[in-house]
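Participant: Protein chains in written order, with the numbering used here: chain A, 1 to 82; chain B, 1001 to 1732.
For the record, the hints were derived by calculation from the structure and aren't laboratory data.
Any given hint might turn out to be false.
Not the full set, but computed from the structure, chain B residues with beta-carbon under 7 Å of chain A [as the list claims (entries may be wrong)]:
#  : residue
1  : R1076
2  : E1226
3  : I1230
4  : D1234
5  : E1260
6  : A1363
7  : R1374
8  : E1478
9  : P1481
10 : L1547
With a straight-line cut-off of 30 Å between C-alpha atoms, the simulated BS3-like cross-links for lysine-lysine are [to be verified]:
#  : chain 1 : residue 1 : chain 2 : residue 2
11 : B       : K1407     : B       : K1468
12 : A       : K3        : B       : K1269
13 : B       : K1200     : B       : K1162
14 : B       : K1162     : B       : K1269
15 : B       : K1202     : A       : K46
16 : B       : K1269     : B       : K1463
17 : A       : K46       : B       : K1200
18 : B       : K1463     : B       : K1308
19 : B       : K1202     : B       : K1162
20 : A       : K46       : B       : K1162
21 : B       : K1463     : B       : K1407
22 : B       : K1463     : A       : K3
23 : B       : K1269     : B       : K1468
24 : A       : K3        : A       : K46
DEER-style ranges, computed between Cβ atoms [stated by the list, open to error]:
#  : chain 1 : residue 1 : chain 2 : residue 2 : range
25 : B       : N1128     : A       : G34       : 18 to 24 Å
26 : B       : I1052     : A       : N30       : 35 to 41 Å
27 : B       : H1148     : A       : N15       : 57 to 63 Å
28 : A       : I79       : B       : V1548     : 47 to 53 Å
Glycine included, C-beta positions come from ideal geometry on N, C-alpha and C.
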Amino acid sequence: MSKSKLGQVLESFENSPGGKSLLALARELNLSQGQTKNLVDYWVRKGRIRAVAQQPDCQTCGTKKACPFIFEMPRYYEIADD
Amino acid sequence: MTQSIALAGNPNVGKSTLFNALTRGNVPTGISGGKVEVGTYSLTAYSIEEIIARDYIVNERPTAVVAVVNAANLDRNLYLVTQLIELGVPVIVALNMTDVARRRGLAISLQGLSERLGGIPVVETIGNRSEGLDDLKTAISLVLEYPHTGHIQTNFSGILRKEIDHLGRIIQESETLREDFRSVWLATKLLENDQEVISKLKSQGEEELLDLAQVSRERIENDTGEDPEILIADQRYQFVDQVIDSAIERPREALITRSEKVDEIVTHKIWGLPIFLLLMWLVFQFTSNVSGPFLDWVDIFINDFIYKWAGQILELVGLGNSWVGSLIRDGVIAGVGGVLVFVPVLLFLYLALGVMEDSGYMARAAFVMDRVMRWMGLHGKSFLPMIIGFGCTVPAVYATRTLDNEKDRKLTAFLATFMSCGARLPVYVVFGAAFFGASSGTLVFGIYLLGIIVALITGFVMKNTIYKSRPPAPFVMELPPYRIPRPRDIWNQMWERTQGFLIKSGTVILGVSMALWLLMAVPAHQDTGLFDEVEPGDSLFGRISSLVAPAFAPAGFGSWQTTGSLMTGLLAKEVIISTMSQIYAVESHQSDAVETSFSQDLFAVSADFGRAAFLTIQEAVNILPRTVNLLPLVDIGELSLLPESTGPEGATRLESSLQRSFAESAGSSAAGPIAAVAFNVFVLLYIPCVSAVSAMRQEFGPRWMWAQIIYTLLIAWTAAVVIFQTGKIIFL
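Okay, chain A solo, but in the shape it has when bound (with noise of 0.2 Å):
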């Protein structure tokens, strides 16, 4: 019996030697990036695959978050350990 979409997408994860933009997952997949996005985020719900938005935490700099310095980066996946 043919896995589940879902069972893939965890497969992928842990299967994939390094980073993949979701459109590539996509394409692996055979389904469209929404349809892809769905399904990771049912990983992330369930505490499998975690959401890292990445914001760096200066404490000790007086302008934090409205540091001009800082990119707004893409937010991207990766398996929780725990």
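Put chain B on the given structure of chain A with help from the hints.
Facilitator: This is chain B only, laid out in the frame that chain A set:
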């Protein structure tokens, strides 16, 4: 009898807007019938929001639920709708944001959608324009009058269908359960191993049903090799996909969006990196050349006009020849003014970076660079500190906190210091203009590229020797869609970043300039002159710098002036240029002799401003032919709005002084540009500013900080010497 309507939907689909429009704002947003409205993606108990939303619907049993969905993003929204229908409550779908969906070319069949969702009403709305509200109210009234629960074939198939039916029949046989729950929903929850539902049934003494459910789960798992919960979710998603396929017509290009097409090229395994490098080259061409005319104008305005007439005012108040007058002109105006000259450069740099960021390309750049870093064995998340390092090293060091592994954190912070921060840019720009003219953008690009290369090589060596750690964790990056940059956002970014530079000029650089003036006014020895009358080279600063200067002779810039600038540059990199401005201002203004009136000077400065504006347009237009001319055998003409001799584009006072000084320290005029490149490479690689070093100490301790200081000093000196000596062999 009280009837209650619940509004449910994913976060940010316009529930509050629709709620306010329906109630005309008479009920506070977020509160409905005493219950808190919670946006949720599903009704499976994974989070507190989902539990609250489900408990409300299951326990409070609203008369009907209005499922608010984003019509432009149905595939994300219908999962929740299917779960609401499975619950057995009457559902009305408010297809919100239909205007956005239409703009994206989506044609949604209301009838088709309704049929696929078991015949429930589907109504189009545009909440923020209060459109479709009457239809929605009518649909709600009808449902309240004739309650209708949809019945959908969620496509649960095979053994899953069999076990749901099996448990459903058992549930139907229990009067209590039949009253409390819809049998199919409860059977599904039991197969999903939903702990909330299981606890509730345990408290009701339904142990037998729970045992049977456990047996069912095991049967499914043995048969399929997968967790029943995953299979259920997967089949729901498949059902949603089928609904969308049958009820929505998308334009051909919507299937593969323009964003996706562009991404296929700009994040391509092979082409991604060259495209990134080409764009960065264009950014630096734009920054260096387009800002050039205004840079020259600001230089003339501050270092000639302001310097001269501030001197005249000081003469008038009797301070012209006093140490106070000297401090104001040679300390404050020359020092701070020398840095303010670069405000046009930074404005143009931040304009270019703002466009790249706002358009969504910066995220692609991060993705492309990430691939390169991974190839070198570095961690995937390292790209964030690296990219931030192009702005400022201090937040880059703190940005390493996103990394889990301590070794990776240290290594990334170490490497981020090689990313050329914005404060170093004025150095490259002034040297580029002084020694390379129209090719200055290429020099700036080359310096930035060298920083990346040194970081990658250092990272590769360290990762394979002293910093071996487990391979980087795999990840998936969600790239935001491209968009047309918004001028107001770009301007805000430009202004905020430039403001940071201006604040630094008014604080750190002002302080350093005044301290430097003092060191340059104090004679090193009583025989060399009096206070404020000493030759710069014989001042305390000049003599201290002279002691270290021989160390830089092999790199071609062993003069006390450059050495002194590098020393003060440890406080902040902009200070390198303010120091040079101060040193050379004292030297060059001593020979000023041209007498002009205030009105003549004001007219000249105003005329130069106009010329600078014309030349800026000319330089901006000429980026295209200059880029095309990079191709072999191609030579297209450039725009020329003004005769070459007009305008303030000649070498500035500082540039001329640098040409002389570097020719002298390098041994000849021809060797001057090579020494200038070596100096720029040294500035790129040597010890970061004191704030960045402090951040390193705070994050990683004094040992690591000293390792960083020694390594950067050694590598900077070695690179500068190699460049100068090799350059002499090749070019002279």
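Participant: Taking 30 Å as the top limit, are the C-alpha atoms of K1463/B and K1407/B close enough?
Facilitator: With a Cα-Cα distance of about 9 Å, the restraint between K1463/B and K1407/B holds, given a limit of 30 Å.
Participant: Against chain A, with CB atoms and a cut of 7 Å, does the hint on D1234/B hold up?
Facilitator: Holds - the Cβ of D1234/B comes within 7 Å of chain A, reaching about 4 Å at its closest.
Participant: Given the hint that K46/A pairs with K1200/B, test it: the Cα-Cα distance must not exceed 30 Å.
Facilitator: 21 Å, holds
Participant: Are the Cα positions of K1202/B and K1162/B separated by 30 Å at most?
Facilitator: Answer holds: K1202/B to K1162/B is near 24 Å, not above 30 Å.
Participant: Would the hint on R1076/B be counted as holding, given a Cβ-Cβ threshold of 7 Å to chain A?
Facilitator: With a closest approach of 6 Å, the R1076/B hint holds.
Participant: With a cut-off of 7 Å, does the beta carbon of E1260/B approach a beta carbon of chain A closely enough for the hint to hold?
Facilitator: 6 Å, holds
Participant: A1363/B was flagged as interface toward chain A. Is the shortest Cβ-Cβ separation under 7 Å?
Facilitator: Hint on A1363/B: holds, closest Cβ of chain A at ~4 Å, below 7 Å.
Participant: Quick one, is the R1374/B hint okay against chain A at 7 Å, beta carbons?
Facilitator: 5 Å, holds
Participant: Can the hint on P1481/B be confirmed by a CB-to-CB distance to chain A that is less than 7 Å?
Facilitator: Violated. Min distance 10 Å.
Participant: Do the beta carbons of I79/A and V1548/B sit within 47 to 53 Å of each other?
Facilitator: With Cβ atoms ~52 Å apart, the hint holds.
Participant: Return the status of the interface hint for E1478/B: holds when the least beta-carbon distance to chain A is below 7 Å, violated otherwise.
Facilitator: Given a least distance of 5 Å, the restraint on E1478/B holds.
Participant: Assess, step by step, whether the Cα of K1269/B is no farther than 30 Å from the Cα of K1468/B, and give holds or violated.
Facilitator: 26 Å, holds
In this structure, the hints that do not hold are numbers 9, 10, 14, 18, 22 and 27, in rising order.
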